[in-house]
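The lines below spell out each chain.
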Amino acid sequence: MNKRFLAGLAVATTTVLALTGCASGGGDGAAEPAGDPVAGGTLTWGVSAEPAAGGIDPLVASSAPAEVVQAMAYDTLLTRDDDGNVQPALATEWEQSDDLTWVFQLRDDVTFSDGTPFDAGDVVYSFESRLDGGTNATYLSLLESVEATGDYEVTFTFTEPDGTFLDAVSAQQTFLIVGEEAYGNATEEERQTLTAGTGAYQVTEWNQGVSITMTKNENYWGDEPYIDTIVFELYTDENTLLAAVQQGSVQAAAFVDGSLAQQAEAVGFTLGEAAFRRNLAVYVNPESGPLSDLNVRRAISLALDRQQIVDTAMLGNAGISFIPPAGDPGAPDPMTLPYHERDVDEAKRLLEEAGQPNPEITLSYMGDVAAAHHPVYEMMQQQLAEVGITLNLKATPLAEISPVFTTGESWTDLIAIPGSPRASGAYYLEPVLLEGGYYNHWDGNPDAEKARDLLTQAKSATSPDEYADLMDQLATEAADKALEFVPAAVPVTFEVWDSNKLQGYTTDSYTARSALDSAWLTQ
Amino acid sequence: MTVTREIAMVAAAGTRRRRPKLGPSFWSGAGILVVILLLAGWMSISPPYDPLVASGEPLAGPSGSHLLGTDNLGRDTFTRLVLAARTSLFISGAGALLGAVVGTTFGLIAGYVGGWVDAVIMRVVDAVLALPAILVALVVGVVIGNGPIPLILALGLVFAPGFARVMRAPVIAMRERDFVLAARLSGVRGSRVIVEHLLPNVLTPLFVQFASVASQIVLIEAALSYLGQGVQAPEPSAGRMISEFTRFMQMQPLLIILPSLVIILLSAAWNLLADGLQDWLAPRREPAFSLTGKKKRGAARADRTTRADRTETRNTHTEESQQ
Amino acid sequence: MARYILTRVLSSLFVLFILSVLVFSMVRFIPGDPLASFVDPANPDPAALEALRAKLGLDQPWITQYFVWLSGVLRGDFGTAITVPGSVSSLLAARLPISLTLAVMATLFGVIMGIPAGILAATRWRKPSDNIVRGASFVLLATPPFVLGTVLILINSLTLKLPLVGFAGAAGDPLRTIGVLTLPALLIGLVLAAVIARYTRGTLLDTLGQDFVRTARAKGASPGRLVGRHALRNALIPVMTVIGIELAALVGGTVVIEAVFAIPGIGSLLLTGIRTSDYPIIQATVLLIGAVYVLINFIVDLIYPLIDPRVRVHTR
Numbered sequence: 001m002n003k004r005f006l007a008g009l010a011v012a013t014t015t016v017l018a019l020t021g022c023a024s025g026g027g028d029g030a031a032e033p034a035g036d037p038v039a040g041g042t043l044t045w046g047v048s049a050e051p052a053a054g055g056i057d058p059l060v061a062s063s064a065p066a067e068v069v070q071a072m073a074y075d076t077l078l079t080r081d082d083d084g085n086v087q088p089a090l091a092t093e094w095e096q097s098d099d100l101t102w103v104f105q106l107r108d109d110v111t112f113s114d115g116t117p118f119d120a121g122d123v124v125y126s127f128e129s130r131l132d133g134g135t136n137a138t139y140l141s142l143l144e145s146v147e148a149t150g151d152y153e154v155t156f157t158f159t160e161p162d163g164t165f166l167d168a169v170s171a172q173q174t175f176l177i178v179g180e181e182a183y184g185n186a187t188e189e190e191r192q193t194l195t196a197g198t199g200a201y202q203v204t205e206w207n208q209g210v211s212i213t214m215t216k217n218e219n220y221w222g223d224e225p226y227i228d229t230i231v232f233e234l235y236t237d238e239n240t241l242l243a244a245v246q247q248g249s250v251q252a253a254a255f256v257d258g259s260l261a262q263q264a265e266a267v268g269f270t271l272g273e274a275a276f277r278r279n280l281a282v283y284v285n286p287e288s289g290p291l292s293d294l295n296v297r298r299a300i301s302l303a304l305d306r307q308q309i310v311d312t313a314m315l316g317n318a319g320i321s322f323i324p325p326a327g328d329p330g331a332p333d334p335m336t337l338p339y340h341e342r343d344v345d346e347a348k349r350l351l352e353e354a355g356q357p358n359p360e361i362t363l364s365y366m367g368d369v370a371a372a373h374h375p376v377y378e379m380m381q382q383q384l385a386e387v388g389i390t391l392n393l394k395a396t397p398l399a400e401i402s403p404v405f406t407t408g409e410s411w412t413d414l415i416a417i418p419g420s421p422r423a424s425g426a427y428y429l430e431p432v433l434l435e436g437g438y439y440n441h442w443d444g445n446p447d448a449e450k451a452r453d454l455l456t457q458a459k460s461a462t463s464p465d466e467y468a469d470l471m472d473q474l475a476t477e478a479a480d481k482a483l484e485f486v487p488a489a490v491p492v493t494f495e496v497w498d499s500n501k502l503q504g505y506t507t508d509s510y511t512a513r514s515a516l517d518s519a520w521l522t523q
Numbered sequence: 001m002t003v004t005r006e007i008a009m010v011a012a013a014g015t016r017r018r019r020p021k022l023g024p025s026f027w028s029g030a031g032i033l034v035v036i037l038l039l040a041g042w043m044s045i046s047p048p049y050d051p052l053v054a055s056g057e058p059l060a061g062p063s064g065s066h067l068l069g070t071d072n073l074g075r076d077t078f079t080r081l082v083l084a085a086r087t088s089l090f091i092s093g094a095g096a097l098l099g100a101v102v103g104t105t106f107g108l109i110a111g112y113v114g115g116w117v118d119a120v121i122m123r124v125v126d127a128v129l130a131l132p133a134i135l136v137a138l139v140v141g142v143v144i145g146n147g148p149i150p151l152i153l154a155l156g157l158v159f160a161p162g163f164a165r166v167m168r169a170p171v172i173a174m175r176e177r178d179f180v181l182a183a184r185l186s187g188v189r190g191s192r193v194i195v196e197h198l199l200p201n202v203l204t205p206l207f208v209q210f211a212s213v214a215s216q217i218v219l220i221e222a223a224l225s226y227l228g229q230g231v232q233a234p235e236p237s238a239g240r241m242i243s244e245f246t247r248f249m250q251m252q253p254l255l256i257i258l259p260s261l262v263i264i265l266l267s268a269a270w271n272l273l274a275d276g277l278q279d280w281l282a283p284r285r286e287p288a289f290s291l292t293g294k295k296k297r298g299a300a301r302a303d304r305t306t307r308a309d310r311t312e313t314r315n316t317h318t319e320e321s322q323q
Numbered sequence: 001m002a003r004y005i006l007t008r009v010l011s012s013l014f015v016l017f018i019l020s021v022l023v024f025s026m027v028r029f030i031p032g033d034p035l036a037s038f039v040d041p042a043n044p045d046p047a048a049l050e051a052l053r054a055k056l057g058l059d060q061p062w063i064t065q066y067f068v069w070l071s072g073v074l075r076g077d078f079g080t081a082i083t084v085p086g087s088v089s090s091l092l093a094a095r096l097p098i099s100l101t102l103a104v105m106a107t108l109f110g111v112i113m114g115i116p117a118g119i120l121a122a123t124r125w126r127k128p129s130d131n132i133v134r135g136a137s138f139v140l141l142a143t144p145p146f147v148l149g150t151v152l153i154l155i156n157s158l159t160l161k162l163p164l165v166g167f168a169g170a171a172g173d174p175l176r177t178i179g180v181l182t183l184p185a186l187l188i189g190l191v192l193a194a195v196i197a198r199y200t201r202g203t204l205l206d207t208l209g210q211d212f213v214r215t216a217r218a219k220g221a222s223p224g225r226l227v228g229r230h231a232l233r234n235a236l237i238p239v240m241t242v243i244g245i246e247l248a249a250l251v252g253g254t255v256v257i258e259a260v261f262a263i264p265g266i267g268s269l270l271l272t273g274i275r276t277s278d279y280p281i282i283q284a285t286v287l288l289i290g291a292v293y294v295l296i297n298f299i300v301d302l303i304y305p306l307i308d309p310r311v312r313v314h315t316r
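Chains as they are written, first to last, in my numbering: chain A, 1 to 523; chain P, 1 to 323; chain Y, 1 to 316.
Source of the hints: derived by calculation from the structure; they are not laboratory data.
You may find that some hints are simply not true.
Here are a few chain A residues that sit away from chain P, every Cβ distance over 12 Å (derived from the structure) [unchecked claim]:
1) V124
2) E205
3) P225
4) D237
5) Q308
6) G330
7) T336
8) A354
9) Q381
10) Q382
11) A399
12) D480
In the EDC-like style, the derived pairs of lysine to aspartate or glutamate whose C-alpha atoms are separated by at most 20 Å in a straight line are [as the list claims (entries may be wrong)]:
13) K127(Y) <-> D178(P)
14) K450(A) <-> E466(A)
15) K348(A) <-> E360(A)
16) K216(A) <-> D228(A)
17) K55(Y) <-> D480(A)
18) K55(Y) <-> E147(A)
19) K216(A) <-> E190(A)
20) K216(A) <-> E386(A)
21) K55(Y) <-> E265(A)
22) K348(A) <-> D480(A)
23) K450(A) <-> E435(A)
24) K501(A) <-> D36(A)
25) K348(A) <-> E386(A)
26) K348(A) <-> E409(A)
27) K450(A) <-> D480(A)
28) K161(Y) <-> E265(A)
29) K55(Y) <-> D109(A)
30) K501(A) <-> E265(A)
Values in this document were obtained by computation on a predicted structure and should not be read as measured data.
Beta carbons are placed, not taken as given, at the ideal position from N, Cα and C, and that holds for glycine.
Taking the hints into account, I'd like the entire structure generated from these sequences.
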């Protein structure tokens, strides 16, 4: 195992790779003609993370891996298609009877996977339990009451108009509906490790640290799914996951790291077109230091070459974005926003004007997770150096950063905390601008006043058009006052699958893998 | 260390003897370390490229302008590798030094004073040694923080118990010796006895342990950085480079081969040093039936089977507890 | 003898006690909140968090928490994990056999490869084969195993396509479990073989340099018989203890290999616990690893004076 041997190994490796590459004919991803759907089979899907705190309890868990499983096992009242249009799900009709009231008509042919029938009582139970200490309760801050006004009719009453409600209720992972009996009678451990929902697949086994098995729901209200069983296998190291993909141990996989997903393409897997819904958000603490000066913040935004970050640091596996993330419906084109077009000279001029030609700023980021994002911050350091700003990178373990969002601990200058998709655009800036928000260091700062007003108005918008318009204004204002920086946005995961084996599947832009409900395996 | 070598070292402590010359192990180990030191010095003072700034095409191979190619952001690999080696050398040397100082102090005290002080110290030592080094380093590192200095503290603490064990044995063997008794009888204070009379005579196992521990620290630091808990960005670290660049393995394998070589080289260098020192300071007696056909001169003095302590084969963290 | 056993037992218990205190307090110093994984960073909810904290008893003073935990441990209940559903005991029970199997397999490989290599090196002192073994040992001891593992896995996935990773299909199937653990055990075993080879070489050389061997040789015993019957028996005794200790150290020390090979063992559980500051998991895992080590040490301490008469217990 000396130097020469390893060099020889490297040569051998490259040769083998070149030969294999020639032999497999390259991955253009084109599948054979589909043929007719066939029922049956087990799909093995590789993932790199397991549901964490709260397991897969839809009222408690909020981790990304949990949300994917929950979205498959449970349903929401409404849903959205890939064009962003609201579609019915458990509810067939919906109507905003006045500014403060929403009425939903529900399906009458749904049962939970344990056989108990679904009715309005379950919807009321789900929302009330959520308000009583469950997740996503912040979306219901303006809700006054939810009542069953019929066996299959539910009425929501608000204290003020809520412009975000329609978005929230149609988001695929936000207001999941559980059964009053099925959920109410289960123990805490059962709720966290198994599912009893209305969705097409239900979790029947969770081997902690190894795999999660989901089986077809016999009582599903929609078209019967074709695939019998789906097994999510855990490979914590994504390089090992790539190996599993390359040797065919899994028929599909979800990567956090885009460059590995691209390499999966090279062996013939299809790479799904994923929406960029995860902002690599960089929050600002303007209370002291160079960032208290508006011009310094604007200079930072001008110094960033966002296209280069996407192309080089992320190897093209990202998108330019602001708030809301580029993949969200209705997101603005970031390059039209103020201070987003790179201008080194203007940045330097602004720094001169601020009297700080060479400020020193600290950026803390998570050093022990998501290594794929680290080049972004390192590239930011390079780009800012070109206008004279010294960006000190502080790679900090997740355990040290987490107090920021568990107890509201403060930070110095900038902190990078990747976001997650929110049901509605207003909620990206809520923790930044509104009182009590953990990322809010803008109280009393005049730069944030107008943005705060816009946000409050948007949340109480009376119509979707008014909401959209206010959100656009908010984005422009936030960019203008440089209240937050977003160097790039990534998808929650990159999905790859072998289209010769798994047919009829495409990535949905909400990472809910809803297409699995109608996909089939070639036998 | 084996029982027989242990006994030999203990017996050798405090005696004067004719030593053979330093062998090839020692010189190759020391040589590698010196070369790395010089390279690191050159890099620190006048590096050909800024390690934090892109200076070429990303993922390029070796070329005239970039001796070992570039990484995914176009930064020069050679510069970053040498700086990573510097960091590793610094952490391993300083960490082993800290462990040596802390551990030797406690070991000497325990061995000289004896009694319940000895018992308590040794039980705490046992408790810490019960855990694999990487785990203790991981947990302590998370508590103290990341970065080179906290890492040195954490690793020094991890290996101090090993030093305590190793340094205690010869002290116990020696404290009944005449010259020690003479010093005490003439009124020399305990601490002076330890420092002036005992310490110089136990340097043999100390140096060997130092080099051996340093080689283990290189591997542990690499593993910690690989896990994301060790040396943080933007400070270059071989272990972290491996974890960050494995995903480019099929595009530019050099990016993980080279940092691995750096780790191997550095760890092996310390090991060679340790082996060379051990052979020099407490040479092995030649086997009875010489299979080489040549007689070697100046072997050891006699192996005196003194009333030695229990086997201390597990006085250090063993090498694979860093997988 | 009985007194010796008694002192060893008490000593081991005392060590375990110190260990528990060390582990408990160390864990509390870890920055980071175990409740962080309950929080969606874009959507934090302070009130819910505080309620959860109280429910888990994390707002009690440390002494109280320690005694609650300790009394649970003595009853075999390691508590409930915070960031993973289920009790810590069941998590450990599922993972410990896997780690043990890996450790035993690695030790076996190490012994099979290492002892013959060490004997070869010692009997050919300073000849080429000795230098090869010594050189290979040096390099192996200095190699970080995680690199080799990842490289091999990736190469295999493009060429041989052996089922080297993937624990899912192996659950409950002992044969497949052993198959999946073979490569990681081999890699660890290689490094272990290097250690064992060095030790064996060392003790054998020392033994061969002893007076009794010289005497036997002078009286005409053949080298083969000498090495095989007399020297080896003496030389291998300390090697056995090293093997025992290595085995113990492997149970929790294979963190990185487990990560690379997707093995659900004790090491990866601990790593998860550390990343999320999950106190119950960290405490239980570290304590278990330490306890295994203390147990094996204890057994070794009992056996060793019986088989090696050169070593005497140092009476104080």
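Going down the list of hints, with the structure as the test:
{"no.": "1", "hint": "V124", "in the structure": "holds (45 Å)"}
{"no.": "2", "hint": "E205", "in the structure": "holds (30 Å)"}
{"no.": "3", "hint": "P225", "in the structure": "holds (34 Å)"}
{"no.": "4", "hint": "D237", "in the structure": "violated (8 Å)"}
{"no.": "5", "hint": "Q308", "in the structure": "violated (10 Å)"}
{"no.": "6", "hint": "G330", "in the structure": "holds (34 Å)"}
{"no.": "7", "hint": "T336", "in the structure": "holds (28 Å)"}
{"no.": "8", "hint": "A354", "in the structure": "holds (25 Å)"}
{"no.": "9", "hint": "Q381", "in the structure": "violated (7 Å)"}
{"no.": "10", "hint": "Q382", "in the structure": "violated (6 Å)"}
{"no.": "11", "hint": "A399", "in the structure": "violated (6 Å)"}
{"no.": "12", "hint": "D480", "in the structure": "holds (31 Å)"}
{"no.": "13", "hint": "K127(Y) <-> D178(P)", "in the structure": "violated (43 Å)"}
{"no.": "14", "hint": "K450(A) <-> E466(A)", "in the structure": "holds (17 Å)"}
{"no.": "15", "hint": "K348(A) <-> E360(A)", "in the structure": "holds (14 Å)"}
{"no.": "16", "hint": "K216(A) <-> D228(A)", "in the structure": "holds (5 Å)"}
{"no.": "17", "hint": "K55(Y) <-> D480(A)", "in the structure": "violated (44 Å)"}
{"no.": "18", "hint": "K55(Y) <-> E147(A)", "in the structure": "violated (30 Å)"}
{"no.": "19", "hint": "K216(A) <-> E190(A)", "in the structure": "holds (19 Å)"}
{"no.": "20", "hint": "K216(A) <-> E386(A)", "in the structure": "violated (56 Å)"}
{"no.": "21", "hint": "K55(Y) <-> E265(A)", "in the structure": "violated (47 Å)"}
{"no.": "22", "hint": "K348(A) <-> D480(A)", "in the structure": "holds (17 Å)"}
{"no.": "23", "hint": "K450(A) <-> E435(A)", "in the structure": "holds (15 Å)"}
{"no.": "24", "hint": "K501(A) <-> D36(A)", "in the structure": "holds (13 Å)"}
{"no.": "25", "hint": "K348(A) <-> E386(A)", "in the structure": "holds (9 Å)"}
{"no.": "26", "hint": "K348(A) <-> E409(A)", "in the structure": "violated (32 Å)"}
{"no.": "27", "hint": "K450(A) <-> D480(A)", "in the structure": "holds (11 Å)"}
{"no.": "28", "hint": "K161(Y) <-> E265(A)", "in the structure": "holds (18 Å)"}
{"no.": "29", "hint": "K55(Y) <-> D109(A)", "in the structure": "violated (39 Å)"}
{"no.": "30", "hint": "K501(A) <-> E265(A)", "in the structure": "holds (15 Å)"}
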